[in-house]
Amino acid sequence: MAENTTLASNFIQNAIDEDLRNGKYKQGIHTRFPPEPNGYLHVGHAKSICLNFGLAAQYGGLCNLRFDDTNPTKEDVEYVDSIQEDVKWLGFTWDERKFYASDYFEQLYEYAVELIRRGKAYVCDLTAEEMRAYRGTLTEPGRESPYRNRTVAENLELFLGMKNGVFADGERVLRAKIDMSSPNITMRDPVIYRISHTSHHRTGDVWCIYPMYDFAHPLSDAIEGITHSVCTLEFEDHRPLYDWLLESLGFDVETRPRQIEFARLNLTNTITSKRKLRQLVEGGYVRGWDDPRMPTISGMRRRGYTAAAIRDFCERIGVAKGNSLVDVAMLEHCVREDLNQNAARVMAVLRPLRVVITNYPEGQTEHLLAESYPSKGGQRYVPFSREIYIEQEDFMEEAPKKFFRLKPGGEVRLKHAYIIKCEEVVKDAQGNIIELRCTYDPDSKMGGATAGRKVKGTLHWVAADTAVKAEVRLYDFLLQTDENGETPADFIAALNPNSLEVIENALIEPSVCWTAAGTHYQFLREGYFCVDPDTTPEHLVFNRVAGLRDSWAKVKKG
RNA sequence: UGGGGUAUCGCCAAGUUGGUAAGGCACGGGAUUCUGAAUCCCGCAUUCGUUGGUUCGAGUCCAGCUACCCCAGCCA
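Just so you know, the first sequence maps onto residues 7 to 564 in this note's numbering.
The hints are simulated quantities; they were obtained by calculation from the structure and are not laboratory data. Be careful, since some hints might not be right.
Cut-off 30 Å, straight-line C-alpha distance, at most; resulting in silico cross-link-like pairs (BS3-like, lysine-lysine) [what the hints assert, rightly or not]: (1) Lys282 to Lys407; (2) Lys421 to Lys562; (3) Lys104 to Lys30; (4) Lys407 to Lys280.
Required output: the full structure, derived from the provided sequences and hints.
In structure tokens, the structure reads:
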């Protein structure tokens, strides 16, 4: 592509480059995307997906998809299915390398046994509350558990008992034996296995003990031969534990995985917390995980965001270690840029105002040639007749000086058609404008004698007799954020009551009557739209992906 | 008051061994236009949280200070 755009490097690439220079990871770069199947993926995950798969591609390596399914109480197959669909849709492939942490339960168990044998883990009988008390605080060291010095044999037997289900949930845990006085709380003998008599979505009731993230993750990485385990900032404190485990179990320093942390994505006007998104779904604030207002991958897909736009966005925002809040305008810019190239142009009138062209022959219809892609070519025919509809917003009886649209006595160009002049305004008993009576310049269409005449405005329109009715759904931000773009503490109270506006009776040119869900269009002068899956042959439904940039709106505001 | 992090334009973000501040978004101005879109120009940090120090020279090195984020789940 353009070589004048210097792609910014990031600290992760620098770290990998350095590792490579130092002769580490001769086996090649290997990353992984490790979602927990406890919810739908959102934009924040898209950043991680692009990063992990992107890094692998960039270094000629591989990236695995791995479900981090070590907590059966929160996970479900519904989520593993949606996650795969979303990653694929984003344009990435894991080939045969789809794994589950649960694939390794047996090996993980063996590693835990080995840790016990090496005197580096013990079974602890403290209750959760007691353990909290023993852990100490941020400023005070913890105290050693009275069960810390059990013999290896005793630990082995107890751990086997845990595995065999002789204990109840919470009765005992397996802990790593590290350092209760460590200033890093993560190192104060962290729990690595807990008892939970819960059936797992993949392993069923085979296990009643499940490994904790801190234990399962580094080992899963090592088992898969991951070289760079990229995760978010909050795991930075866990890195010493990650390394401790691999070291304690004897993994080779030159080849074992290295954890690198980056800052998660925050977007203005956007919720990027799985927990909060779930609240929206379960509380009925949206129609589901794929509601077009949701920042989930499935929501954005339904809304009409393209995978290319999302990938471009992830590339542009970069990767760093500082917490940041990206302006959602950046995302919108990326969709517009993609859709401007790739969406067919079409005319649709959202809020119709009837216009009768009094000097146009009754009963006549012309099929005017119109370009569909300004940049790529492609054409279609648009029918024109005596009665048409224009946008209500495009007429003003008392227009300000800078209003380049229709006004009494004024002229305007109808896109792909003629220049018309407003001769009369028809109102109902209440004074509402219900119709405009205009005349047209018969020579002003493309190729005509007066085609070159300059009029200030150009309007989109549809012919009354051939227009197709459509439902159009307009979206606004789900979340109203403060001036700084921050999400208020009570985000439910900050939800935008006007995030969805449904227009039942929009009119669209007949060329789009056959269209499939997911097809993108630019409705001329209105924005980018995408056919919603609710569409049927009898009832078209469009989602507005994004409006066009609107400098008139700025002028209007002053 | 413990530990781990981060501080470069309104928002993201480059800045490899110190050599005299990339790029994108947003914004402003102009050109162009049968989409007030797109496109095209042009503008937009004498300054890198702050205070000192080292140096011919520091965003990059040193010291102090300040601000913000994360950590006390048998969640991930």
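Evaluated hints:
1. Lys282 to Lys407: violated, 47 Å
2. Lys421 to Lys562: holds, 23 Å
3. Lys104 to Lys30: Since the Cα atoms of Lys104 and Lys30 sit roughly 25 Å apart, the hinted pair holds (cutoff 30 Å).
4. Lys407 to Lys280: The hint is violated at about 49 Å.
Checked against the numbered hints given earlier, the structure breaks hints 1, 4 and satisfies all the rest.
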